[in-house]
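Trainee: Okay, here's what each chain looks like letter by letter:
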Amino acid sequence: MKHFLNTQDWIRADLDALLADAARFKRDRIGDALKGRAIALVFFNPSMRTRTSFELGAFQLGGHAVVLQPGKDAWPIEFDLGAVMDGDTEEHIAEVARVLSRYVDLIGVRAFPKFVDWSADREDRVLKGFAKYSTVPVINMETITHPCQELAHALALQEHFGTPDLRGRKYVLTWTYHPKALNTAVANSALTIATRLGMDVTLLCPTPEYVLDERYMGWARQNVAESGGSFAVSHDIDAAYAGADVVYAKSWGALPYFGDWEKEKPVRDRYRHFIVDEAKMARTNDAVFSHCLPLRRNVKATDAVMDSPACIAIEEAENRLHVQKAVMAALVAQPSGMGSRE
Amino acid sequence: MKHFLNTQDWIRADLDALLADAARFKRDRIGDALKGRAIALVFFNPSMRTRTSFELGAFQLGGHAVVLQPGKDAWPIEFDLGAVMDGDTEEHIAEVARVLSRYVDLIGVRAFPKFVDWSADREDRVLKGFAKYSTVPVINMETITHPCQELAHALALQEHFGTPDLRGRKYVLTWTYHPKALNTAVANSALTIATRLGMDVTLLCPTPEYVLDERYMGWARQNVAESGGSFAVSHDIDAAYAGADVVYAKSWGALPYFGDWEKEKPVRDRYRHFIVDEAKMARTNDAVFSHCLPLRRNVKATDAVMDSPACIAIEEAENRLHVQKAVMAALVAQPSGMGSRE
Amino acid sequence: MKHFLNTQDWIRADLDALLADAARFKRDRIGDALKGRAIALVFFNPSMRTRTSFELGAFQLGGHAVVLQPGKDAWPIEFDLGAVMDGDTEEHIAEVARVLSRYVDLIGVRAFPKFVDWSADREDRVLKGFAKYSTVPVINMETITHPCQELAHALALQEHFGTPDLRGRKYVLTWTYHPKALNTAVANSALTIATRLGMDVTLLCPTPEYVLDERYMGWARQNVAESGGSFAVSHDIDAAYAGADVVYAKSWGALPYFGDWEKEKPVRDRYRHFIVDEAKMARTNDAVFSHCLPLRRNVKATDAVMDSPACIAIEEAENRLHVQKAVMAALVAQPSGMGSRE
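Protein chains in written order, with my numbering: chain C, 411 to 752; chain R, 411 to 752; chain L, 411 to 752.
Don't read these hints as lab results, they were simulated from the structure.
Heads up, a few of these hints could be off.
Heads up, the list lumps identical chains together, so a pair's fine if it works in one copy or across two of them.
What the hints assert, rightly or not - Under the rule of at most 27 Å between Cα atoms (straight-line distance), these lysine-lysine pairs were calculated in the DSS-like manner:
{"hint": "1", "residue 1": "K675", "residue 2": "K524"}
{"hint": "2", "residue 1": "K436", "residue 2": "K542"}
{"hint": "3", "residue 1": "K436", "residue 2": "K412"}
{"hint": "4", "residue 1": "K412", "residue 2": "K542"}
{"hint": "5", "residue 1": "K524", "residue 2": "K673"}
{"hint": "6", "residue 1": "K673", "residue 2": "K590"}
{"hint": "7", "residue 1": "K538", "residue 2": "K412"}
{"hint": "8", "residue 1": "K675", "residue 2": "K590"}
{"hint": "9", "residue 1": "K538", "residue 2": "K524"}
Using the sequences plus the hints, can you model the full thing?
Mentor: Right, here's the structure in full:
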């Protein structure tokens, strides 16, 4: 059985099929691919877009989404195998996943890092716990990666450029300032999908400390080797923006300071000028701009950029609805010909 | 595109059509006017009746409601244009409204005043922010007015009197005691719809300090001029109840004390006797009694009044379901012949 | 009009019919018995399984569930008749139940004890308040009993033994340790349904202080008299497990310490060895094991027991979905031939 935990687990043909399905679901919103089916949306962290788009996606295809928030309006869950559960946790993931699997056809999981110890967070054990014990397909609704956002982003770029083939486009993933140290998930994901689709990718960030985890840097290099694009790291704003076709912005916390964010603060505060503004965009090849949202205006990008025709963040957000319908429909159908890279 | 922000924005013929539609939706509960459609219910404040009635109204017409609670299980939202968002807010209303507009066909908004500064609260900027940026119709689910309650109230009165024509009825909107200073929204709305429908309206309140904001007093006078009823303020309980056909109760905070509620407390505490009781009801012309709910029994109205046949508060609450179906269906259909007063 | 407050209120033939309907609903998941119908799920306490199973049950039969959490995202409710409501409560159950009855076809209520005063909690007044004022059927979603769990448990046993006739089976309800004093609801319910179905029931608990409330002990004796089984209390682990066909585990707080839980703690701490483990299970007649979930692994039962083929807790949890569909469908249909014992 196939889950949707990371695009990197999927073969390229199946990813392309998801994107093509999503484009069809966008044209023809209502269908019956999930008729009588249900998905549990398990949120360990808050959400607006993800919850709305999954809930409506299920509805538009005849299904139903149940929203669960463990530790908020449901029980706190244990993830350690063999634990003597005499502390705070009330129920083991083994039971949670098995019972949910009896009720629903799909399980979506959002579980952000705890932001204390990256070596623990990078194990992604909440998502993996669900995948291990669930007997139905599991969908990553953002943990340490965000593959649904990847597909929405990719579809928005395909729409913008009028072709599914994005090879040769100059793609800049730029770090931006944000008052808090954020999750690297969308940055990891942007790197993953941009290299997968064969673009010429630059990771622009203030210093080597802001480079992403080696797992995702490795995926990027592997993807470049397979898809024929390129991948480089830059700390030079002018050089990175020059001639860019795509500017994708995201803020994240520097991994060497993980869990020690007060120490990162003075470092981070020096790089407020990474904001995406008109002057930087003027250096590009009339680049398209996007962001996964939510976005702090005039901190990550200026009002002028956000309200310009170059901004496709709203399109990308809308695409979440349609790519997730494609993912849910594909996982429920599970054609025998669908292969996994694992 | 037409929103449903206030009844005062709508021409009388369209309000009458909504009420007639609502009566039909009450007889024939199930339909397909919202088949495959969705509404986002954005609650900045808690709700039971509003949420249940909108959620079920959407369901009964084949649609789906998504419930969002910004700052609770979604992101805190910025409403100021041009703000440098380096504080608590995570996302600007421009993005929230535009993205929601891609997901849903309608947006309902509940945003009570903050109860600190009436000159700020009276701008209704959350509702107006959604209306400004949304590309789909927006419905007021109670902000500083409560137009859905107005329609439910009007329908309940039409049912009680057996006719849509309420002209000439003596209508008393009475302030009542409540331990806390409450929103003026329903009082503003009762005044608005009662005068709009041509009734002879008395606003009964303890002192001139409890008179409503001049905007709504002005709407009442304007409505009287157009619909041929009358409007007066009274501080005399006996005179106001004498011969009344309708008694509508509501508590609210006095605007001169807005944000300074500790100072209002001793004033308010002197008027506990404004409670609606059998003695007062006996002075009326066998009046019908109602309230928007929730109602504190034996504080705003006695058990005897609440449990009497004169009380139509339950009918009014039920009507919320049906008038909201009428509003949603009308906004989604948006017939070209539908005119706005603005 | 018939509610589903306790199985003990229902005649045996109707309970058997519910179980048979549930088995059919399990085979044929999708239907239209609730087409266009709605249920309000009123949760005064958190829930995962109950909420998910009711919500999906309604969906699978064409209906819709509205989830309400009074005091959390809805108003705090008053249950005392005649109260002068100038304290914390905003609305009386009379209005809540009557208004909900206009919106929905069924009302489910979860209201755990407050754990301060058992003589108050045992009155079950939240559930009874809804049943009193509602004009639609009310379903107990766990208060001081848990009748939906009873049906799910009974169905799982019928499936395991391959027959609806459970008479003559040796059934052990064993108390287990848990760091907190828990509700007696599921224990009361297990005792009720096991004796009702004619099994030979042993209530195994550490001391006479852990015996259940006399109301439920009385129901057990009454059921035995009518159904021909037996009922005994034991404090001897070895004797109780010997030859058992069914082991059902649950932890609960000792009633003599109710509200004074710090005093119970040293007592409770002496009985950690009541955990269900392989050694105890080896003494049984190859017994089936179950629990209502959530379960703390290695505290109430060991990993080895939970992961053994003897454990049918997941089946029992799944059955919640199907028995609740049966209950909802039966209550909405309310055939005139359906009798109540009251």
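Trainee: Which hint numbers doesn't this structure obey?
Mentor: Result: no hint breaks.
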